[in-house]
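*Asks:* All chains should be built: construct the whole structure from the sequences, respecting the hints.
Residue numbers (the numbering used here), protein chains in the order written: chain R, 1 to 287; chain X, 1001 to 1315.
Treat the hints as calculated values from the structure; they're not laboratory data. Note that the coordinates shown come from a computational prediction; the quantities given were computed from them, not determined experimentally. There's no promise every hint is true.
[Said to hold, decoys possible] On the chain X side, residues computed to face chain R include the following (Cβ under 8 Å):
1. 1142
2. 1143
3. 1146
4. 1157
5. 1161
6. 1271
7. 1282
[To be verified] Below, simulated EDC-like cross-link-like pairs (lysine to aspartate or glutamate); rule was C-alpha separation at most 20 Å, straight line:
8. 1158/X <-> 251/R
9. 1094/X <-> 1272/X
10. 61/R <-> 280/R
11. 247/R <-> 1272/X
12. 1028/X <-> 1049/X
13. 1158/X <-> 1173/X
[To be verified] So these bits of chain R aren't anywhere near chain X, every CB distance computed over 12 Å:
14. 25
15. 47
16. 53
17. 140
18. 221
19. 270
Built from N, CA and C at the ideal position, the CB exists for glycine as well.
These are the residues of each chain, in order.
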Amino acid sequence: MTDTVMPAAASPMHRAIAKLIANRGALVGLTIIVIIGAVALLAPYLPIQNPNATSWSAIRKAPSLAHLLGTDELGHDLLARMIWGARASLAAGLVSVTLAITVGMPLGIVAGYLGGWIDLVISRVSEAFMAMPFLIMAIALSAFLGPSLTNSMIAIALSALPIFVRLTRAQAQAIKTEDYIEGARSIGLGPVAIMTRYIFPNVLPPILVQATLTVATAIIAEASLSFLGLGQQPPWPSWGSMLNVAKNFLDQAPWMAIWPGTAIFLVVVAFNLVGDGLRDALDPRSN
Amino acid sequence: MTTLLARRLLLAVPTLLIISMFVFLLQKLLPGDPVLVMAGEDRDPAVLELLRAKYHLNDPLPLQYLAWLVNALHGDLGISLRTNQPVLALIVEKLPVTLQLAIMAMTFALLIGIPLGVLAAVKRNTLIDYIVSLIALAGLSVPNFWLGIMLILVVSVKLGWLPASGYQPFSVDPLISLKTMLMPAFVLGNALAASIMRHTRSAMIGVLSSDYIRTARAKGLTEREVVLSHAFRNALVPIITLGALLFGELLAGAVLTEQIFTIPGFGKLIVDAVFNRDYAVVQGVVLCTAVGFISLNLLADVMAVLLNPRLRASL
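*Replies:* Shown next as structure tokens:
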């Protein structure tokens, strides 16, 4: 639809951005992410209560004007805890995926472009790590590293790493046979220059799609670890640890369980929508 | 067939070795002296030395690994610090519980995922297709432990239809066993159903646009016959492979589901072990899950070949 509006000479990137914006689902997702992200970033400056302030006179109060989302079993204001919890969830999702890409992409490019025994070692190791289910590996790692938000991010990053290695490797292998790589080689560029200047920018689009979808998985993984008590430690809130407490007060204070779960669901839907939208926008076949 | 099987089995060996190295090295991440943890209150130097010798802790790292691996290959995954039972025995004891949960969850996933996926493909780009896509997106995005909590809230706390927890072995009372597992299985199968739905839809769309489907239509078969006996049968192959692969995800998802519904299975075992600092059990569970996952992968490969005559001919 928008293609008719676009000038014919638009670059592939402009076309992709235009298609992404034209995708209603992706736009909704992006809006949700921007709003929740902004609230999370601005948490210290917002006129909300101290998320860790307890009040014995306001224990498990239903939502009211004084506490818009109610209070929990220690009298914490749930609105404040939801907003500070967003920081933990978003940070965990973004940091762990960034870490996984930073390590995974170079490994994948090297394995795919150079091949040989380096490829053999990298592929075998990442295959082995893929044989361990994501969450079980993250639980085991957090158990041995010790429970904390930072360690759960490391555990999630390590569990997500093989996906990026494999994807980058496959892309690099495909790009390796392109004419422009042959051209770069024939003018005397070394493997490092070819990998950084030609392979890297060309493997980026599919990695971007995978990264967005993996942020969604990582946010659920962090919530799961925190729910099990292996992520964010008290008194600081995270959506997962709030649910862990909430499950003990289901009949007296159901709202304690409703808000954090809805928030996780919304953010994960948002990242999935943007990821799906990005895939469609970056797919050259769909033009 | 046998050559394929042999080749795949051989390829699994290095994978398993790397996993075992990782699982072994996990314990080296622990701060402090493991012997002190094992000995507990007993700090007698002689006992500590005995333990060090028993677990080859004075040897260089590669030798320690070798000793550990040889034990593991003999089925000795160590002793649980808490219950003093062999780790393997603990795992074998809990496995049937999780297996029942996983099989019921898979049944749910297939019963929901395949019909909806076929429906979406047949009614492509209609309202029905969009609704199915939305259901799939929601299924993929909802954290299953939250879904479990909400179901307990509505079905158990408010309506009182099903119990919120409690486990009854199938062999003792099948009916109660199935009843208590109904909610957990639905929670666990939900994300899988979404995945299967999406794959069924795209597999069916691919098949429906192929030439032989046009031929089937041209020779006057009803749409029902075309979809069910021609298209669906061919779309089923990738779905079955996917199902086998997703079984591993089920084991991981079971960790949270069992925690919420307090089901004494494999997943509860690893979580309890984490909190009791029962590291040998954690290692054992990771190792066994990986072995199970690799075996399922192998099975999926073999099944794909058996179901697809063209792949069979290429051997």
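*Asks:* All the hints need checking, so say for each whether the structure fits it.
*Replies:* Here is what the structure says about each hint:
Because the beta carbon of residue 1142/X sits about 5 Å from the nearest beta carbon in chain R, less than 8 Å, this interface hint is met. Satisfaction of the interface hint for residue 1143/X is found here, the shortest Cβ-Cβ separation to chain R being roughly 5 Å, below the 8 Å cut-off. Hint status for residue 1146/X relative to chain R: holds, with the closest Cβ pair at about 3 Å, below 8 Å. Hint status for residue 1157/X: holds, given a least beta-carbon distance of 5 Å to chain R, under 8 Å.
Interface restraint check: residue 1161/X against chain R, minimum CB-CB distance 15 Å, threshold 8 Å, status violated. Interface restraint check for residue 1271/X: the shortest CB-CB distance to chain R comes to about 6 Å, inside 8 Å, so the restraint holds. For residue 1282/X, the shortest C-beta to C-beta distance to chain R is roughly 5 Å, which falls under 8 Å, so the interface hint holds. Annotation: proposed proximity of residue 1158/X to residue 251/R holds, straight-line Cα distance about 8 Å (limit 20 Å).
Taking the CA atoms of residue 1094/X and residue 1272/X, the gap is near 13 Å; set against the 20 Å cutoff, the hint holds. Among the hinted pairs, residue 61/R with residue 280/R is inconsistent with the structure: their alpha-carbon atoms are about 46 Å apart, more than 20 Å. A threshold of 20 Å between alpha carbons decides the hint, and for residue 247/R with residue 1272/X the separation of about 18 Å falls inside it, so the pair holds. Our distance criterion of 20 Å between C-alpha atoms is met by residue 1028/X and residue 1049/X, whose separation comes to about 18 Å.
A hinted pair counts as satisfied when its Cα atoms are at most 20 Å apart, and residue 1158/X with residue 1173/X does not qualify at roughly 26 Å. The non-interface label for residue 25/R is inconsistent with chain X: the shortest C-beta to C-beta separation is roughly 8 Å, within 12 Å. At roughly 29 Å from the closest C-beta of chain X, the C-beta of residue 47/R stays outside 12 Å, upholding its exclusion from the interface. With a cut of 12 Å on Cβ distances, residue 53/R stays outside the contact zone with chain X, its closest approach being about 26 Å.
With 12 Å as the threshold on Cβ separation, the claim that residue 140/R sits away from chain X is violated: the shortest Cβ distance comes to roughly 5 Å. Its closest Cβ contact with chain X, about 10 Å, brings residue 221/R to no more than 12 Å, contrary to its assignment away from the interface. With 12 Å as the threshold on Cβ separation, the claim that residue 270/R sits away from chain X is violated: the shortest Cβ distance comes to roughly 9 Å.
Hint compliance for this structure: hints 5, 10, 13, 14, 17, 18, 19 are not met, and every other hint is.
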